[in-house]
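Student: Line by line, the protein sequences are chains A and B.
Residues 1 to 426 (the numbering used here) are what the first sequence spells out, left to right.
Residues 1001 to 1318 (the numbering used here) are what the second sequence spells out, left to right.
Be aware that a few hints might be false.
To be verified - What the simulated footprint calls covered on chain A by chain B, stretch by stretch (three residues with Cβ under 8 Å from a Cβ of chain B suffice, anywhere in the stretch; the number is not a length):
(1) 69 to 77
(2) 128 to 135
(3) 236 to 250
(4) 348 to 354
As the list claims (entries may be wrong) - Distance ranges between label pairs, derived from CB positions:
(5) B:Gly1086 - A:Asp139: 41 to 49 Å
(6) A:Ser39 - B:Ala1045: 56 to 64 Å
(7) B:Glu1155 - A:Glu289: 31 to 39 Å
No wet-lab data here; the hints were simulated from the structure.
Ideal Cβ placement from N, Cα and C applies to all residues, glycine included.
Take a look at the letters that make up each chain.
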Amino acid sequence: MNRMKAFTLTGFLAFILVLSACSSESGGNSGDSEASEDSVTLTIGSWRTEDKASYQKIIDKFNEENPDINVEFKPSKNTEYNTILNTALQSGEGPDIIHLRPYTPGIELADAGYLEPLDDLEGLDQYSDETLAASKGSDDKQYGVPLNMSTTQMFYNKKMFEEMGLEEPQTWDEFMELNEKIKKEGKTPIALGTKEGWLLSLSHGIIGPAHYGGNEFVDQITAGETDFTSDEFQSSIDAMDELKQFFPENYEGLGMEDIRTMFFTGDAAMFPLGSWEIEVLREMNPDLELGFFPIPSAVGKEPTITTWVDGSYAINASSEHKDAAKKFLQFMTTEEFGTMFTEEFKMISAIPGIESEDELVNALGKAAEEQSTPYMMLVHFAGGNPSTKATIETELQGMYLGERTPEEVAKTVQESAQSWYEPLQK
Amino acid sequence: MKPATNSNSVVKIKKERNWKRWTIHLFPIPALLIYGLFIVYPLFAALTYSFFDWKGIVRGEFVGLKNFKDLFTLEPFSGLFWNAFGHNILYFVLQMVFQNGLAFILAYIIYKKVKGSEFLKIAYFLPRLLSVIVVGFLWKLILNPNYGALNVILEKLGLEQFQKAWLGDPDTALISIILVNCWYGIGFGVLIFLAGLQSIPKELFEAGKLDGADGLSMIRKIVLPLMVPSFMIMTVLTFIQSFEAFELVYAMQGSQGEPYHSTDTLAIYFYRLAFGGSAGGSTTAVGLGSALAVVLFLFISFFTALYLRYMQKKQVDM
């Protein structure tokens, strides 16, 4: 009996301790900010652990004009960043400045009230509406300063093209002929595998606009004037199906690393992927002569580069130093910052008109300004559960495995979008 | 005088004993704390989460059993649930046959003291010492369709017609993963079965021999019945492990159940629902995910308890 009591008591004690551990709230956000009366310390949360050194340079530059604001860049691992950030925000904590995921996931945070509206911030008017849309809340307020653009396009191996006497295609037919020629030479035309679904929505983002007709279709579908079962969209899926003859052998079992390796080792001539691959490709094979071309239209429109905002910076609504944080975001809209960013990070700044010393990045940036079409699935259709973007990934995968017809793919995508996307519910 | 001091010291000893008896109960506290914080608390948290509507990461209103109803009746969730459930059953069956069946045979061979049995014992157990992530990565390389060792070997043997994109073909992807899991887990099975075999008294074998039992009938009549506890342990462990199958599938195929949902298990499906997949850009359904976690927990604990009860009864009967 006595023993039983002791046991219960111990258990109870443990339980209380657990409870108190759970409910204890561990203080403010940014710790020893009151060191000197005028100086504050800001923390930046991000998923770019690899950019720590580059951010330090940016911060040093910022401190030249704002010596009384200390800024700490505290990134966490890419795949865990969302979870860490969400948990912190839910308990009223988190960094003062938040690196925001683009579109739906970021906007979800704004709609939940965790972010500070930035409408009065100077410098926001230089960005285009499409760029701002990446971090615009459902209440039409701006919550983020766009940082950088990602683009997807067809990369190609310049040397291989030269050896085979090929040129950048100007029309879709030329593109198909080009593929035939490379295949005849015994090389793989397009390095693409279908094992990882995200590669499929991504490559559809490149190929698709050439068939559904770029921005015009995007405007129509977001207004609810057409849908995914329309001929335009259907032809974009058909094109994806048709291209499989130019994919590598066993493409259904190839993932990201496999196709990248095929491309930089010269087994494959073209690589439909994003601007972030430039650095990786050069690192893996410094001799690779890398070129890119916008996808030529099959329906008589201009060739397109697919673009979207990759990240924005926002302010935590429960930050104690909002004014200082705003100063930093203000700095992020300046040309000075933009130039430094492109040089340091080799990425395309979201600020218009910034030139890069890197020829390829520069050309991409220019093309992105002149021939851009949005990555429609990410920008407009990343909502729903499972999201419409995830749906097209699985469905395309099914198509390449022979489980789905292109018509079924379009139909399922339409059903998914209809379940949550208001313009399509009319 | 004397008796007085005596009784005093008795009291002292008693007090000391009492104190000791009390303090001993303080020692589990750190462990209990960790257990409470990381197991009991999340369990109840998931249970409560599953009763609410979730908008992204924000908890909405109380919706009762709606999440559970959606999970079982609303497409695509219900289709995906049963699809994943079927895969877990396949996982269990294949592991029972290939992992535990082979493990028993191997254990018996080692027990019979063939040459090099000590070496074999270590060799079979070796994969278990590797991290699951390493195992997954290694096998991903071996199974790679274009430069993986398996397809290269098939080609060298002139068996090109059997070459496949092992992890890219929905017909072979899950089975490949399960067989890798068997390879990984077989050493543990061998150890358990070997321990079971070694605990059988030698006299029984001698008596059996005198009564004319040999080879197979020895296994059937003497070894198998006495190995019931080992089989029981392995069955329960395999059951739990195969219905919680996650790490290896995740390491080899990611969280999307690719290709085309052919490698979805309940745990992978749960992860995708609750945490929004591996790509970082997809939406989450915390309510549905929690509901699935609760269902999974109840299912595993119910059948494990049922099975253990049944086997205990059976053991008593014998």
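Student: None of the hints should be skipped; say for each whether it holds.
Tutor: Results for each hint:
no., hint, result
1, 69 to 77, "violated (count 0)"
2, 128 to 135, "violated (count 0)"
3, 236 to 250, "holds (count 3)"
4, 348 to 354, "violated (count 0)"
5, B:Gly1086 - A:Asp139: 41 to 49 Å, "44 Å, holds"
6, A:Ser39 - B:Ala1045: 56 to 64 Å, "40 Å, violated"
7, B:Glu1155 - A:Glu289: 31 to 39 Å, "32 Å, holds"
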